[in-house]
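Chains as they are written, first to last, in our numbering: chain D, 1 to 480; chain R, 1 to 146; chain S, 1 to 497.
Simulated from the structure, these hints should not be mistaken for laboratory data. Misleading hints may appear alongside valid ones.
These stretches of chain S come out as covered by chain D in the derived footprint (C-beta under 8 Å, 3 or more residues) [as the list claims (entries may be wrong)]:
(1) 15-21
(2) 43-50
Cβ-Cβ distance ranges computed for the label pairs, FRET-style [as the list claims (entries may be wrong)]:
(3) D:Arg55 with S:Arg68: 45 to 51 Å
(4) D:Leu121 with R:Asp65: 57 to 63 Å
(5) S:Pro316 with D:Val277: 47 to 53 Å
Derived, one-sided and incomplete: chain D residues facing chain R with beta-carbon distance under 7 Å [stated by the list, open to error]:
(6) Thr29
(7) Ile36
(8) Ala40
(9) Gly44
(10) Leu46
(11) Thr53
(12) Leu56
(13) Leu58
(14) Ala372
(15) Gly375
Note that CB positions come from ideal geometry on N, CA and C, so glycine has one too.
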Amino acid sequence: MTGARQARPAQPAQLPRILGNIHPRPRWTEARLLAIVALALVVGSLSLGAGLTGRLALHAPAGLAIYLVALAGAHLAQVLAGRRSDEVLLPVVGLLGGISLLLMQRLPQGLQTLDLGGSTLGLGDVQLVWLVLAVVIATTLGIVVRSDSWLRRYKYTWAAAGIALLLLTFVFGSDIAGQRLTLRIGPLGGQPSELLKVILVVFLAGYLSENRPLLIEQDTRLGPIRLPPLPYLAPMVAMWAIALGIVVVQRDLGAALLFFAVFLALVYAATGRISLVVIGSILFFAGSALMANLFPHVRARIDIWIDPFVDPLGTGYQIVQSLHAFARGGLIGTGLGEGLPMVGGRLPIPEVHTDFPLAALGEELGLVGVIAILGLFFVVIERGLRIGASAADDFRAILATGLALVVGVQAFIIAAGNLKVLPLTGVTLPFISYGGSSLVVNAIVVGLLLALSDRGVEPPPPPTDVRRWRDRLRRRRRAA
Amino acid sequence: MDGLLLMVWVVRLLFLALLYFFLARVVRSLLRDLRAAAREPGASLGRLIVIESPSGDPEAGRSFDLDAITTLGRDVNNAIVIEDPFASAEHAVLTYRGRSWYVEDLGSTNGTFVNGRAVASIAPLGFGDEVSIGQVRLRLERARSG
Amino acid sequence: MLATSTRRRPLGRTIVHVAIVLALAFGVLAGAGGYWAVIRSTELSHSPYDPAVIAASRTVPRGAIIDREGNVLTHNEEDANGELYRRYSGPEISHVLGYASPRYGRAGLELAYDAELAGLAGDPLADALRKFGTDPYDPKDLHLAMSWDMQRAAVRALGRRRGAVVMIDPRNGEVLALASTPTYDASTITHPDTSQAAFESLRDDAAEPLLPRATLGRYVPGSVFKIVTAIAGLGSDAVTPDTTYAEQPRAERDGLLVEGFRIRDGHHPATGNRRLDFIEATEVSCNIWFALTGLETGGEPLVRYAEQLGFGSPIPFDLPTAPSQVTNGSGSAPGGFVDDVELANAAYGQAETFVTPLQMALVAATVANGGELMTPRLVTSISGRAGTRQIGPSTLARVLDPDDAAVINRAMVQAVEGPLGRQFTTGARVPGVTTAGKSGTAELGGQGEPHSWFIGFAPAEAPTIAIAVLVEQAGRGAEVASPIAGDLMALYLEGPQ
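Extracted from the complex, chain D is given alone in its bound form (with noise of 0.2 Å):
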């Protein structure tokens, strides 16, 4: 094609060729917002500091700075790449991220430390990092990922991966407080549940799109019920099970909770079939119920759930201390840095920064505060589930409409879990939680969102599978 380049007449003006071929666009709403982000970050860390020390001062600015440089190169790098995906996602997802940062840098450092050469970073430093380094997952895939063949074609291998880092999880991995979620290689540990989410949604995608047209007829009759195909139910059943047993080995609630409303969701969204939605929720509140009977810490899980205040000093003691925070902060509540006594030289909520940081921001910033916060969450799920209605073809659709929910719905079960709306689970509150693997899964998510939205990706495969789906439907349906 040299000839035709010579042929080709005179181009318009371009960059000085640094990266290849850079064609700059700007993303003047996410410049904007950004700047809002920032301006907010810098007057919410001034609060943290008079909190704290009692004069008007900016607290850890340094982190406050390399945060905000993170987010502004993240910036940048998308506009010099030319993407024109999604503007608003990263001025969202790096507002709740900065809202963490500065509730990280609040609470006792000593919380939670990593040990680096000789220094030692504590709760709030340690958190940057991973919040640096989320910024950064999330632009890169952003920007690299131009095709989805890679998570199309290969499903049942990502399924399979999934299933072997549960089973490993299961087999290897450590328990703490009774609970084995988290996996050790060597001086990495992360909790593999926190990815499996993503592999599921990933995996349900492509099954989900592949068979949309077979899960859309209803050729099996059960009494007044019409039902898909039997054998195309099965991954139905298999996701029962998977969840029921990470309930029972696990003794994860929440990630059992969040897989099956995210399939349950993703099921509805691709077949628009509400029976299959309620099938799916009967067999999921049988097994609990059966749980609940069969396993003692079920049980107690529910019974501190429906009355916290019976014990409040003990069993109920963690759900009691959050609502009490709650109750702390009012409607606009105590100000960073001002809530959360000690007592005793001791928070009186344990496990603050993983479990309940909505509790700790429910007392700083109050209800106000608290709405915001949700508010934020809701708007990632819009764009992720815009991203989706507005996909080019249905394996993109599901896709981003999975990785919205994954995001949505476990924010929603922490922030129910810590104002006594639903059971206290184990889940953490995406972008804001205290955690590596947390954190940089909620990245991937938001990568391949950012991705997603990209008008510019490459364009799906012709959907040629229609025209197979539809003969072997009718032979089926004359064969019976």
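Position chains R and S against the provided structure of chain D, taking the given hints into account.
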């Protein structure tokens, strides 16, 4: 109540106010996006505006409404006829798939370019992107609202 | 060719449904946030389990509790670590003040007014503004109607016996003494060195010293309940003061047959052959007359009048109270009685009837105050930086006409001062003052000695003090409870008013 405490509370409430200011701006941009999406399923899916055309056919400044499949080339059977010495008879086709535009080069002699980059076989096209066929430069625009 | 494209049903619609469900779910979260952060905010953030309250209690001196003569009953002391703890003026007041201990929580007024004493509670506006103040805590002082002297005298009068004394000014509901024995020394629970040992031994003590008998102890009332029956009978006009029953004299000898069950009474040698009217029946405490009056009145009016007096639900009071009952309500007869047998027995206080000493003091106070029941009050004012909030007298219920109250007043005077009544209430008479009262002996169905009761008031013409005395398993009312009541009323009436 002393002055410092008053200042601190001003800062605290300002932080909360900024959170909501941010949310309001986000919601505004979301609504704009939704309105744009609501317009999309209109009659036209987009239009192609001629920016530069040395031969004068098509004339510069002209705007073509696009169908889901729009063919371009020198042959008179094309939806958009491009009278240019460097254009092939069946030069390229614009297709609207899912919710985005793609341009496909139909094996033309001199190639199709998007923003100056040669299209290997098929390339995505965004609103505002420039397509070059021979010496004719065209820009993809959103359909007129209304 | 390429644009044969996906003409399947688009996913957009179902995704919108998912979005709506999630929006509702997040709406629920916001609602729950509002519930805890606004609706339940004051209650939870003032609760003694709240860490902010606990943290404040270690450093912020609690408000004082002061009696009607100005004696300060609580003292804040500092331990070796600089943390504050409470000391109280004496064990006599422990059941009223309770305790405030970092380890064992709160009890008594220290619990009921914890937020005020800790300086957390104010009006909602002050609560909101508290955030903006430099010193967020404003501990308030409680001023009590109680007299430290009367309280000590009451506890001393009960001595080593188990029992309770309640003294109320019937005109305004001010509680002057609220004694329960055995008592305990709350200072040992709050003192950091003795806290654990003291609390555990008190908790395990079979005599239940931690139980405030005056407000939470429920006892068979025996004959003192006859005043409630009289209030219901006269109030509902089922009987008059002149009502007599033809079958009464014979029933005293042979027993009263109610639905096949025979109610017996000791045959009184002086009156046994006469038909008694209300005043005579009260003077000699005639079970038969009151059983018949109960039947005449009916179960439903009896319970209704009792409820006006405070039965059936906790009495509105500064401290927790146990509800008193006329019947356990399990029956299907009017008022919840099983049958007329239960009603007849309840009418003289010997069925499923259980009362607190505080409740019986209110019964006496109602008669003393011409039928108007005043809400009992321990705390009369709460003072803090922002000023003093008065808690004035209020009427709890208008139970009786003054005329009916006057008749019962006269009957109760007869029961103390009358030639026959005197024998049942030995020692209740306050010298030089017309005294009204009613003694009671509550049979426990063969389980040991009966409880000894006395309720009364003085001076009968214009009562300024009403009293209820209960001594557990002490024998006949005349022997134990009556002299305690007489001595305490005398002491009160002697003192400066």
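>> For each hint given before, does the structure comply? Return the numbers of the non-compliant ones in rising order.
In response: Of the numbered hints, 11 and 13 do not hold.
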